[in-house]
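For reference, the chains in residue letters:
There are 2 protein chains.
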Amino acid sequence: MSAALTRAPGANEPLPAPTLISLDAMGGDHGPPVVVGGIRDYIRRHGGEGVRFLLHGDEAAIRAEMTRLNVSADVCDVRHTDKKIASDEKPAQAMRRGKGSSLWNAIEAVKAGEAGAVVSAGNTGALMAISKLILRMAAPGLERPAIVASWPTLRGVTAVLDVGANIESDAEQLIEFAIMGEAFHRAVHGVDRPTVGILNVGSEDIKGHEEVREASRILREGGLGLNYHGFVEGDDIAKGTVDVVVTDGFTGNIALKTAEGVARFISTLLKEALTSTLQAKLGAVIAMPALKAMAQKIDPSAINGGPLLGLNGIVVKSHGGADAKGFGNAIRIAVDLARSDYMQTVGANLGRLGTVLESLPPVSASPREETVS
Amino acid sequence: MSAALTRAPGANEPLPAPTLISLDAMGGDHGPPVVVGGIRDYIRRHGGEGVRFLLHGDEAAIRAEMTRLNVSADVCDVRHTDKKIASDEKPAQAMRRGKGSSLWNAIEAVKAGEAGAVVSAGNTGALMAISKLILRMAAPGLERPAIVASWPTLRGVTAVLDVGANIESDAEQLIEFAIMGEAFHRAVHGVDRPTVGILNVGSEDIKGHEEVREASRILREGGLGLNYHGFVEGDDIAKGTVDVVVTDGFTGNIALKTAEGVARFISTLLKEALTSTLQAKLGAVIAMPALKAMAQKIDPSAINGGPLLGLNGIVVKSHGGADAKGFGNAIRIAVDLARSDYMQTVGANLGRLGTVLESLPPVSASPREETVS
Chain A
1 MSAALTRAPG
11 ANEPLPAPTL
21 ISLDAMGGDH
31 GPPVVVGGIR
41 DYIRRHGGEG
51 VRFLLHGDEA
61 AIRAEMTRLN
71 VSADVCDVRH
81 TDKKIASDEK
91 PAQAMRRGKG
101 SSLWNAIEAV
111 KAGEAGAVVS
121 AGNTGALMAI
131 SKLILRMAAP
141 GLERPAIVAS
151 WPTLRGVTAV
161 LDVGANIESD
171 AEQLIEFAIM
181 GEAFHRAVHG
191 VDRPTVGILN
201 VGSEDIKGHE
211 EVREASRILR
221 EGGLGLNYHG
231 FVEGDDIAKG
241 TVDVVVTDGF
251 TGNIALKTAE
261 GVARFISTLL
271 KEALTSTLQA
281 KLGAVIAMPA
291 LKAMAQKIDP
301 SAINGGPLLG
311 LNGIVVKSHG
321 GADAKGFGNA
331 IRIAVDLARS
341 DYMQTVGANL
351 GRLGTVLESL
361 PPVSASPREE
371 TVS
Chain B
1 MSAALTRAPG
11 ANEPLPAPTL
21 ISLDAMGGDH
31 GPPVVVGGIR
41 DYIRRHGGEG
51 VRFLLHGDEA
61 AIRAEMTRLN
71 VSADVCDVRH
81 TDKKIASDEK
91 PAQAMRRGKG
101 SSLWNAIEAV
111 KAGEAGAVVS
121 AGNTGALMAI
131 SKLILRMAAP
141 GLERPAIVAS
151 WPTLRGVTAV
161 LDVGANIESD
171 AEQLIEFAIM
181 GEAFHRAVHG
191 VDRPTVGILN
201 VGSEDIKGHE
211 EVREASRILR
221 EGGLGLNYHG
231 FVEGDDIAKG
241 TVDVVVTDGF
251 TGNIALKTAE
261 GVARFISTLL
271 KEALTSTLQA
281 KLGAVIAMPA
291 LKAMAQKIDP
301 SAINGGPLLG
311 LNGIVVKSHG
321 GADAKGFGNA
331 IRIAVDLARS
341 DYMQTVGANL
351 GRLGTVLESL
361 PPVSASPREE
371 TVS
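Chains as they are written, first to last, in this note's numbering: chain A, 1 to 373; chain B, 1 to 373.
Just to be clear, a hint being listed does not mean it is correct.
Stated by the list, open to error - List of simulated lysine to any residue pairs, SDA-like, C-alpha gap at most 20 Å:
| hint | chain 1 | residue 1 | chain 2 | residue 2 |
| --- | --- | --- | --- | --- |
| 1 | B | K325 | B | L69 |
| 2 | A | K281 | B | K281 |
| 3 | B | K292 | A | Q279 |
| 4 | B | K111 | B | D341 |
| 5 | A | K83 | A | K99 |
| 6 | A | K271 | B | I286 |
| 7 | A | K292 | A | T268 |
| 8 | B | K239 | B | K325 |
| 9 | B | K239 | B | M294 |
| 10 | A | K281 | A | L269 |
| 11 | B | K297 | A | K297 |
| 12 | A | K297 | B | K111 |
| 13 | A | K297 | A | T268 |
| 14 | A | K325 | A | S72 |
| 15 | B | K292 | B | E272 |
| 16 | A | K297 | B | R264 |
| 17 | A | K239 | B | S267 |
| 18 | A | K111 | A | S72 |
| 19 | B | K292 | A | R264 |
| 20 | A | K83 | A | P33 |
| 21 | B | K271 | A | L154 |
| 22 | A | K292 | B | L278 |
| 23 | A | K297 | A | S267 |
| 24 | A | K271 | B | D299 |
| 25 | A | K297 | B | L269 |
| 26 | B | K297 | A | L270 |
| 27 | B | K271 | B | M288 |
| 28 | B | K271 | A | T275 |
| 29 | B | K271 | A | K83 |
| 30 | B | K297 | A | R264 |
| 31 | A | K239 | A | G222 |
| 32 | B | K239 | A | L269 |
| 33 | A | K271 | B | T153 |
| 34 | B | K111 | B | P18 |
| 35 | A | K271 | B | K111 |
| 36 | A | K292 | B | L69 |
| 37 | A | K271 | B | G240 |
To be verified - Facing chain B, according to a computed beta carbon distance under 10 Å, are these residues of chain A, among others:
| hint | residue |
| --- | --- |
| 38 | I167 |
| 39 | G208 |
| 40 | D236 |
For the record, the hints were derived by calculation from the structure and aren't laboratory data.
Note that the coordinates shown come from a computational prediction; the quantities given were computed from them, not determined experimentally.
All residues carry an ideal CB built from backbone N, CA and C; glycine is no exception.
Pulled out of the complex, with its shape left as it was, chain A reads as follows (with noise of 0.2 Å):
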């Protein structure tokens, strides 16, 4: 899908410099085995080319692992350091304490522009608020980085944001989250003009608080030029009414974990279901295949990579207990953000905005309903 961000360079361009990804080998619950091999399933499945690694963290494990996993050193840095965050460390003690870690270092590499992305499964916080530390935001209107979360969908996948850190959003905050997530969208799944709705509890114009009133109302009006469709409903997410979903943090943690909670579930009762009687495993059996195929349509590590957006540079955030796919996976965001015009987009759309928000009229005193049909 993202091929047409791989830019072949032109019979006149020079050969551009590899991308350079650095990475957090000591993250998530497993570190190098599944950072090493994370990076063999990036080559595996999108060959590679023009794209080195830096990893931070314990050389020896590092080397053991790119030894047992046949993973070339031509490919790999190695930069050691004895010292990681732990999963349960606090944000403000991670910010403290962190320093020469190898979260640390692996953020400081993109912030000397040696690197062009970072990936962790390190803890959220602490990522988030030395991402922030050492990288500060984008904007000044952003307080937190945004958390996307890649939602497979009928019709693909959708970029839902903010999943994560920013608990209230007002309405500039959420047309942040559109104009990233959009420049997201483009960059990592190749879609040229991404349609971006907001979350809310219908579709007319009158519904929902005023935050996400007003900021619709922007993005209708503002001329920022998104491809706008309007409000869209809870249940439009899995649909894939629109590629892109923008929604406060609060909202956007709960929708996505109360969706991986329904999938548990309706997982759960299938499982017993087909165990159920003899005739039912049976029947099981057989379905196997096409029950196996469409396990891989919601495949957690198909999916895995969450950017943290916002910042001064290109933050991944991996999940703690992914494996070696899922790492490869976020891997892949990372090479595509880094290689796109991710950056320069969203960094001309953030600085439009300001203009935007002082040239509209002020809101008119337009009818509120609460309601909802």
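We have chain A already, so just place chain B on it with the hints.
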């Protein structure tokens, strides 16, 4: 489950008057066939002893259905009206023009003390607005009725509220939802001390925005006597971690619709998988009895019927597209609520809430952490 609440009269008590349930016979997509069918279904499943029905709407159409479905005139009174509220009528318009309609008259019967509860499959906005106009809210802090969703879980059914009208809810409203949801769950599901959780983005006390943290503190310290569990996350809903999940109407509505979308997404994938090849079809046919039994566990008809809580009277909303079995379940909920001490418990607890709020020490300046792990 609710057998304990049907309370057979003791030897010294007089036989109680029958419970009269007022029905809007013209509401929903189907009108009389489903409403009269719902009565038949309710009687068939639950006996219907001591329950009578008061049907409002087109008398000829209602009586024709009673004849067709063999529902005895002994248990039904019919009050004719030509007028009905359209499914797309706006709440404000319905309030102005709705007097004398089947929906209006059905609610009036509760207000007059004639009926113990009302069930309507009509337009939610109109039902909510007219219920509030006629019955009034039960406490000054309540602005709009809260809608309860009965959510199938791995451990049974969890009540989630508000999933509807209260777009922004402060701490006091969230506690009112807790009080009402707890009493509802006890009355309808026969659980003696239902556990209550507040929906949040993490389980620690410092997570989330001020409203949820304040509500949680009051439920924990305020001596309201609820069986308060603490914060729950989105995936706890389908796990059945608690009996009652409390949230604002914006988050609750989005969580509910997101869950419906995911359930539909998975069921679509499953159907596609099980019809994708001849072999898969064969397996599906063999496993069909087990798959059907599973489908029954998540049958929407079995959980249809969402009460509008917080009114001076019991109003149950049936889904507009519900079938007779679904409408029958909404009737069951109305009967269980009308026969329980739901109204008294809620009244007493809401009364105590004012005292609790006054007696609590002010909020301490607790640290706040918005990142999620």
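Hints and how they fare:
1. The straight-line distance between the Cα atoms of K325/B and L69/B is roughly 13 Å, inside the 20 Å bound, and the hint therefore holds.
2. Distance check on the hinted pair: K281/A and K281/B sit about 15 Å apart at the alpha-carbon level, within 20 Å; holds.
3. Straight-line distance between C-alpha atoms of K292/B and Q279/A comes to about 13 Å, which keeps the hinted pair within the 20 Å bound.
4. For the suggested pair K111/B and D341/B, the alpha carbons sit about 18 Å apart, so the restraint of at most 20 Å is met.
5. About 9 Å separates the Cα atoms of K83/A and K99/A, which keeps this hinted pair within 20 Å; it holds.
6. Between K271/A and I286/B the CA atoms are separated by roughly 15 Å; this keeps the pair inside 20 Å, and the hint holds.
7. Between K292/A and T268/A the alpha-carbon distance is near 15 Å, which keeps this suggested pair within the 20 Å criterion.
8. A threshold of 20 Å between alpha carbons decides the hint, and for K239/B with K325/B the separation of about 26 Å lies outside it, so the pair is violated.
9. At roughly 17 Å between alpha-carbon atoms, K239/B and M294/B fall within 20 Å of each other, so this suggested pair holds.
10. Pair hint K281/A plus L269/A holds up; C-alpha atoms about 14 Å apart against a cutoff of 20 Å.
11. Between the alpha carbons of K297/B and K297/A the distance comes to roughly 24 Å, so the proposed pair goes past 20 Å and is violated.
12. Our distance criterion of 20 Å between C-alpha atoms is broken by K297/A and K111/B, whose separation comes to about 53 Å.
13. Taken as a hint, the K297/A and T268/A pair is honoured in the structure, with Cα atoms around 17 Å apart against an allowance of 20 Å.
14. Proposed proximity of K325/A and S72/A is supported: the alpha carbons are some 18 Å apart, at most 20 Å.
15. A C-alpha spacing of about 16 Å is found between K292/B and E272/B, which places the hinted pair at or below 20 Å, so the restraint holds.
16. Taking the CA atoms of K297/A and R264/B, the gap is about 15 Å. The hint holds against a cut of 20 Å.
17. In summary, the hint linking K239/A to S267/B is supported, as the alpha carbons are separated by about 12 Å, within the 20 Å threshold.
18. In summary, the hint linking K111/A to S72/A is not supported, as the alpha carbons are separated by about 26 Å, beyond the 20 Å threshold.
19. Restraint check for K292/B and R264/A: satisfied, since their Cα atoms lie roughly 19 Å apart, inside the 20 Å limit.
20. For the hint linking K83/A to P33/A, the alpha-carbon distance of about 18 Å falls within 20 Å, and the restraint holds.
21. A hinted pair counts as satisfied when its Cα atoms are at most 20 Å apart, and K271/B with L154/A qualifies at roughly 13 Å.
22. A distance of roughly 16 Å separates the Cα atoms of K292/A and L278/B; the hinted pair therefore holds under the 20 Å criterion.
23. In summary, the hint linking K297/A to S267/A is supported, as the alpha carbons are separated by about 14 Å, within the 20 Å threshold.
24. With a C-alpha separation of about 18 Å, the suggested pairing of K271/A with D299/B holds against the 20 Å cut-off.
25. Only pairs whose Cα atoms come within 20 Å are accepted, and K297/A paired with L269/B is accepted, the gap being roughly 9 Å.
26. At roughly 11 Å between alpha-carbon atoms, K297/B and L270/A fall within 20 Å of each other, so this suggested pair holds.
27. Using a Cα cut-off of 20 Å, the hinted pair K271/B and M288/B holds, with the two alpha carbons roughly 12 Å apart.
28. Between K271/B and T275/A, the direct Cα distance comes to roughly 19 Å. Compliance with the 20 Å bound is thereby established for this hinted pair.
29. A distance of roughly 50 Å separates the Cα atoms of K271/B and K83/A; the hinted pair therefore is violated under the 20 Å criterion.
30. In summary, the hint linking K297/B to R264/A is supported, as the alpha carbons are separated by about 15 Å, within the 20 Å threshold.
31. The straight-line distance between the Cα atoms of K239/A and G222/A is roughly 27 Å, outside the 20 Å bound, and the hint therefore fails.
32. At most 20 Å may separate the alpha-carbon atoms for a hinted pair to count; K239/B and L269/A meet this at roughly 12 Å.
33. Simply put, K271/A and T153/B have alpha-carbon atoms about 15 Å apart, close enough for the 20 Å limit, and the pair holds.
34. Distance check on the hinted pair: K111/B and P18/B sit about 17 Å apart at the alpha-carbon level, within 20 Å; holds.
35. Distance check on the hinted pair: K271/A and K111/B sit about 49 Å apart at the alpha-carbon level, beyond 20 Å; violated.
36. For the proposed pair K292/A and L69/B, the alpha carbon gap of about 46 Å is over 20 Å, so the pair is violated.
37. As the CA atoms of K271/A and G240/B are separated by approximately 18 Å, the hinted pair is consistent with the 20 Å bound.
38. Interface hint status for I167/A: upheld, as the beta-carbon distance to the closest one in chain B is roughly 5 Å, under 10 Å.
39. Given the 10 Å rule on beta carbons, the hint for G208/A holds: about 6 Å separates it from the nearest Cβ of chain B.
40. The interface hint given for D236/A is met, as the beta carbon of that residue sits about 7 Å from the closest beta carbon of chain B, less than 10 Å.
In this structure, the hints that do not hold are numbers 8, 11, 12, 18, 29, 31, 35, 36, in rising order.
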